[in-house]
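Trainee: Each chain, written out:
There are 2 protein chains.
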Amino acid sequence: MKSYGSMSRDELLSLRQDLEQSYESAKAKGQKLDMSRGKPSASQLDLGMAILDAANSSRPVVSEDGTDCRNYGQPDGLKEARKLMADMIGVPAENVIVGGNSSLSIMYDMVSRSMTHGVMGSTPWCRLDKVRFLCPVPGYDRHFAITEHFGIEMINIPMDMSGPDMSQVEKYVSEDASVKGIWCIPQYSNPQGISYSDETVRRFAALNPAAADFRIYWDNAYVAHHIYEEDQDAILDILGECEKAGHPDMVYEFCSTSKISFAGAGICAVASSQANLDDIRKSLSLQTIGPDKINQLRHVRYFKDLAGIQAHMKKHAASIRPKFQAVLETLEKELSGLEIGTWVKPKGGYFISFAALPGCAKAIISLCKEAGVTLTGAGATYPYKNDPDDSNIRIAPTFPTEEELKQATDLFVLCVKLASIRKLCR
Amino acid sequence: MKSYGSMSRDELLSLRQDLEQSYESAKAKGQKLDMSRGKPSASQLDLGMAILDAANSSRPVVSEDGTDCRNYGQPDGLKEARKLMADMIGVPAENVIVGGNSSLSIMYDMVSRSMTHGVMGSTPWCRLDKVRFLCPVPGYDRHFAITEHFGIEMINIPMDMSGPDMSQVEKYVSEDASVKGIWCIPQYSNPQGISYSDETVRRFAALNPAAADFRIYWDNAYVAHHIYEEDQDAILDILGECEKAGHPDMVYEFCSTSKISFAGAGICAVASSQANLDDIRKSLSLQTIGPDKINQLRHVRYFKDLAGIQAHMKKHAASIRPKFQAVLETLEKELSGLEIGTWVKPKGGYFISFAALPGCAKAIISLCKEAGVTLTGAGATYPYKNDPDDSNIRIAPTFPTEEELKQATDLFVLCVKLASIRKLCR
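Protein chains in written order, with our numbering: chain Z, 8 to 433; chain F, 8 to 433.
Keep in mind that a hint or two might mislead.
The list makes no distinction among identical chains, and a pair is therefore deemed to hold if it is satisfied within one copy or across any two copies.
To be verified - Here are the computed lysine-lysine pairs in the DSSO-like style, where the Cα-Cα straight-line distance is at most 30 Å:
#, residue 1, residue 2
1, Lys413, Lys430
2, Lys289, Lys137
3, Lys392, Lys289
4, Lys369, Lys289
Keep in mind the hints are simulated off the structure, nothing from the lab.
Could you build all of it, start to finish, from the sequences and the hints given here?
Mentor: What follows is the structure, given as structure tokens:
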């Protein structure tokens, strides 16, 4: 296909006319589709229904060590749940605390606690003039929303195919004591699906922060979320690497089963050094008398072990793979060679990230909206919802049916073409 | 029985010798009993086992409005769960947000949010020189632990049989703008089992705080927790009273099913004005994508409505009534007339509160401990674990079996006698 950039003005104007017409016809269809939500579909959720049967009235809900899961206690979570989550992210069970249904809450609490109580005895961040977080972009809007809520200044760090630009990370972290954290999604990143290279992970572990209370917020949300059976990424264990590099306390790692069991009723965990966990426990022991251990037991009884999780994730992969492929095929078929956008073909995670011509993302999303297809809001993948290039669009293929997704993607590529050509004709 | 105070020194010395001997024999039995924990017993937890069956793989876990409870969303909780919890505390459902398994977490979050973000636009408390909370005493150690954790200064307010000393409350709240809150357990208070009189509730609602961000923390933890079928307390609806008095935003009310369904796997709620709920939602929407709605659905399906909760609570009452009676009978039989302690006979809740002779609580608890009976730590019912009179002891009768409880109470009264007589002989 001929790239738009190489077309003459007349060619562009003529093509534009065709596209405007196609768009009007598409709009007339009155579609109502949604590619905005990083949620599992109903059929994915159906895969785990037997989890609900794993705790029932016919059998005592008692853990391996005899704990009555119905009663108060065990703020660290059930021993066997700690083991299961630890195995999933490849760390020792004693480094893990298992919580309720939302790893986001743990992350929020971690920032909130640092604001009010500092980190392992450091000055509470609320007493500092400036607190900054590094934010690899594009990234996860809910991470950025937390730091924004607490008035933490966010600094964009560009991503490349091996992770965040580590030269910039190293410079900020080592030179600026107001830099207290960095948001990372190290495997199958949201939205690009990029997995950090071994070198990137090692450079993270080797950071020499100016601030003793600098922490890496390592949100390993998609660790088991492969799309393909053969072609899978794996990342190094950051806890182990930090320990080896002499910085055992530099990282908090987060994970959950939200997209393994149930998005609303899974279990979540935080992994870190004993010193960090002790710091966390000081607050946690006041916040709650314990997590929902019955739900932890359900998960352990159903999945049994890491192999159980992996087997289950193959079913999820089978369910979502055709959706990812459908979107990618359409992008390839309709946009390849036009030079009006690039995208990453992810091997896991929940998203496809599309980089439109600079200045076109808002226009594309708004064209889609007008024709009945909802995409994640423009800028959502950047701190302050501000994508300086107005380029990134996050596509979430899992929730719609395959048929809906095909229709939505057809409209999407049409809108990409139209918005791009409108820009080029300006 | 002759009071110890009216005995001659010789009588006291002789009795003391008998008691020391009895204590040595009791100690020799090597008992190991626990009256410290305000936890439901296993047989109480058995009452609700069918809750676990209320969500299973044979039936869609979908709420009344069609929400797939397995997926993300609904940060306010399921509509029908809001109705259930609202009916339990007698407020409109739209004033209620239903959360996870711990009302303590909501309270902690409320204080934490006020520290970092203030209350409805007020100055964040972390920026103030002094923040104070009023603490009716004796009270709940976990309340006090939260405010202590955030460096909030706590002021003791004495309780009488109609609730906190309202003259003191009114004076502090109206005159001191650093007073930002008060911890209340208005019905069957922990540990005394006192229910606030209508006049007390109305005086709360009529408070004219010096601080616009003063809030009543109304922990209605035992609203449905009657011990007797006939003789039950009921308190006025504080939300309604505050609204009538022109202070609709002055109160946060908390409740949970922790001691109705499962202590570790119940559901909890906060009730307040729309303005306060909107303030809460600003943080809550960043903290989590939603509570565990499947567990909410379990509760609604099992209890159905307020009548269902009440019927279930009758079973709890039948289970714990003999335990309360056993303790009270022993106290009555062994201590009545001796003038070495007083206690409240509660009509609900989870505790019996014992007031020893001033300066004797630590000694009694330590004697019990040495002979194998664990009681709640001395001072635990006061801010900073500091009971200025060293008098209050909290007895938790629900968790042990009736037989264990009888043995433990026998030892308890012996230790009360011994510690008292040792003091009188000094």
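Trainee: Does each hint hold? Answer for all of them.
Mentor: Do the hints match the structure? See the list:
Only within a single protomer do Lys413 and Lys430 lie at most 30 Å apart by alpha-carbon distance; the minimum there is 26 Å, versus 84 Å between protomers. For a Cα distance limit of 30 Å, the shortest separation of Lys289 from Lys137 qualifies both inside one copy, at 25 Å, and across copies, at 22 Å. In this assembly of identical chains, Lys392 and Lys289 lie within 30 Å of each other by CA distance solely across copies; the values are 17 Å between and 34 Å within a copy. For a Cα distance limit of 30 Å, the shortest separation of Lys369 from Lys289 across copies, 26 Å, qualifies, whereas the shortest one inside one copy, 45 Å, does not.
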